[in-house]
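Number of protein chains: 4
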Amino acid sequence: NFSAKGRIGDQVYAPFSIYKGKAALSLSPVLPTFTKLESGSVVVERRGSVMLKFMPAIGERKYDSEKKQLFALSATEVGSLISLGPKDSCELFHDPSMQSSNAGQVRKSLSIKPHADGYFISLTVVNNLLKTRESFSVPVTTAEFAVMKTACSFALPHIMGWDRLTNKVPRGIE
Amino acid sequence: NFSAKGRIGDQVYAPFSIYKGKAALSLSPVLPTFTKLESGSVVVERRGSVMLKFMPAIGERKYDSEKKQLFALSATEVGSLISLGPKDSCELFHDPSMQSSNAGQVRKSLSIKPHADGYFISLTVVNNLLKTRESFSVPVTTAEFAVMKTACSFALPHIMGWDRLTNKVPRGIE
Amino acid sequence: NFSAKGRIGDQVYAPFSIYKGKAALSLSPVLPTFTKLESGSVVVERRGSVMLKFMPAIGERKYDSEKKQLFALSATEVGSLISLGPKDSCELFHDPSMQSSNAGQVRKSLSIKPHADGYFISLTVVNNLLKTRESFSVPVTTAEFAVMKTACSFALPHIMGWDRLTNKVPRGIE
Amino acid sequence: NFSAKGRIGDQVYAPFSIYKGKAALSLSPVLPTFTKLESGSVVVERRGSVMLKFMPAIGERKYDSEKKQLFALSATEVGSLISLGPKDSCELFHDPSMQSSNAGQVRKSLSIKPHADGYFISLTVVNNLLKTRESFSVPVTTAEFAVMKTACSFALPHIMGWDRLTNKVPRGIE
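Protein chains in written order, with my numbering: chain A, 9 to 182; chain B, 9 to 182; chain C, 9 to 182; chain D, 9 to 182.
The hints are simulated quantities; they were obtained by calculation from the structure and are not laboratory data. Take these hints with a grain of salt, some might be off.
Because identical chains cannot be distinguished in the list, a pair is counted as satisfied if it fits within a single copy or across any two copies.
Straight-line Cα separation of at most 20 Å, SDA-like style, residue types lysine to any residue; simulated pairs [what the hints assert, rightly or not]: (1) LYS157 to PRO23; (2) LYS28 to LEU100; (3) LYS157 to SER25; (4) LYS28 to ARG69; (5) LYS157 to GLU85; (6) LYS61 to SER49; (7) LYS76 to GLN113; (8) LYS75 to LEU138; (9) LYS30 to TYR71; (10) LYS95 to THR150; (11) LYS44 to PRO23; (12) LYS157 to THR84; (13) LYS95 to GLY126; (14) LYS61 to VAL51; (15) LYS28 to LEU78; (16) LYS76 to HIS102; (17) LYS44 to TYR21; (18) LYS30 to GLY67; (19) LYS30 to PRO64.
Chain A extracted, bound-state conformation (with noise of 0.2 Å):
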């Protein structure tokens, strides 16, 4: 039962999907969980970011979820993809398997290069557990680049926590 569980169906899935010929990238912010200490104070539990999900094309605007592919931008992350300049790029590394035993065995990296109108954002995933190797590159356009960098910067204070300190109620008054 889902209501049980709180809040879940208050949940509202809102991604900026981009699609492509060869491929589809979709971003979506996901928020920071909190949790309560003894003193009272509450504090962030689970860090926010922006989500990059990645789906092969199998047909004319058909993609694959199944074969989907994610990175998870953390804050500074976001803080890359904002500066970057018309003709800047920057690549990112991640480890799912960090700290695990199975560190090392899966490594996947996310550039972002500059072309003539706008950016190629591809993303590779090695597996040496199953020998695999996937990649997705998707053209993104400066306009379409400006939604990303735009509402990546409105969703890094959220995923931040920094936007539960908006002076609902004024301190000093209650």
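Fit chains B, C and D to the given chain A structure using the hints.
For chains B, C and D alone, coordinates are given in the frame of chain A:
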């Protein structure tokens, strides 16, 4: 009875309007609509936009709303507008009858072109069914364009539905 | 009885003030007012602004609020301010008696001019009825101007009434 | 009993922390406090800030919070930070005992200086009473500085108290 339909009475109409000699241009954000799936999660049903409305002048500071023409900017088209540099121009095309039997019969084109202090924003609507061609051109100053950019950047996460993700009630401590 | 008038007690006065040797300048956003039409929809009645208040110095860190002069920046004038580059200047003119029998008798001019580190923001009020001419000039550092720009960019959608459009309750799932 | 003091239990602590080899730097917004005047209007009592906290390293990814030093950025000092260009530097000075008998005895200086990829953010605290001098220096990447700028730009209207001016209930139609 309007109140029976819910929240219509709470809608606020606050366009940003630019009145010039030959035509007026006004911008209003249009929020997305959402739908609740059986699983309880909420998804975007109809995407939001920034609606541009052009009206021809019919006298001093009088404009003919009966002859208005609309152009709804999608999130990516808003990205085009907010990423325009001072010397850049852009052109966008819409077919309001796309994917119907009248596809290709009406063609709307919006162009934004730089001039000495700001931009010309022009809309041309060619209707092959009615054999009509209407054109509007509004000179927009640098200051007015700065308002458009700032307001559209503010509106962008809202028309995408990302503002729903704000940490109003922190997850994990319900 | 104030509470009978509604929400006056909830108004917050939080000006951003710049105190300098000869004069002080403070900025406060002024929200628009709304009115409900018979149709039930809500429209902007009086536009919002960013109010600039100048006061002359009358001693060390003392300013004469009786001799204050006001200049209310419209949305488009806020657009002028936030789009100023480091070498740009701008000048704005207001006639507080516009469209009355005293039109042209009082003339307020605000100028923003660059200097080595920031801008001079000056107001001149010429009153032909009282045969007076008052002038204020406040040197504003680059850091202070960055605060003005950021705060005015934040305030702009609010004074336009666009913040009312936030997806507080998603349409379609009421 | 904490709840008797009001809303302490609702405070959220969500610092943005940068952990480096010799020291750590974390940023947290501090909201202003408000007070209600007899007239019923609400004014800012104590200004908000962005609090910088430095801690020295005492082992691998271990930092000594007992030896922390704080530096509270005012709104204008946040303006200095967010207006820094890629080659710019700035230096800020605080005297925590200003206007007391110990004025001048403790001197804190914060400097932000560019390096190849980002900035060095350094704090020096000279205490003439205790005859101590402490120094911290944290290398901050371009991506981390982009997060600092975006988060500080977001926080600025909140620490100024301007976020209280949002049109939650539109004036005029209460």
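Here's how the hints hold up against the structure:
no.	hint	verdict
1	LYS157 to PRO23	within (14 Å within a copy, 23 Å between copies)
2	LYS28 to LEU100	between (22 Å within a copy, 19 Å between copies)
3	LYS157 to SER25	within (14 Å within a copy, 22 Å between copies)
4	LYS28 to ARG69	within (8 Å within a copy, 43 Å between copies)
5	LYS157 to GLU85	both (12 Å within a copy, 14 Å between copies)
6	LYS61 to SER49	between (34 Å within a copy, 19 Å between copies)
7	LYS76 to GLN113	within (19 Å within a copy, 39 Å between copies)
8	LYS75 to LEU138	within (14 Å within a copy, 48 Å between copies)
9	LYS30 to TYR71	within (9 Å within a copy, 47 Å between copies)
10	LYS95 to THR150	both (12 Å within a copy, 15 Å between copies)
11	LYS44 to PRO23	between (29 Å within a copy, 15 Å between copies)
12	LYS157 to THR84	both (14 Å within a copy, 12 Å between copies)
13	LYS95 to GLY126	both (9 Å within a copy, 17 Å between copies)
14	LYS61 to VAL51	between (28 Å within a copy, 17 Å between copies)
15	LYS28 to LEU78	within (17 Å within a copy, 28 Å between copies)
16	LYS76 to HIS102	within (16 Å within a copy, 32 Å between copies)
17	LYS44 to TYR21	between (26 Å within a copy, 10 Å between copies)
18	LYS30 to GLY67	within (9 Å within a copy, 48 Å between copies)
19	LYS30 to PRO64	within (6 Å within a copy, 44 Å between copies)
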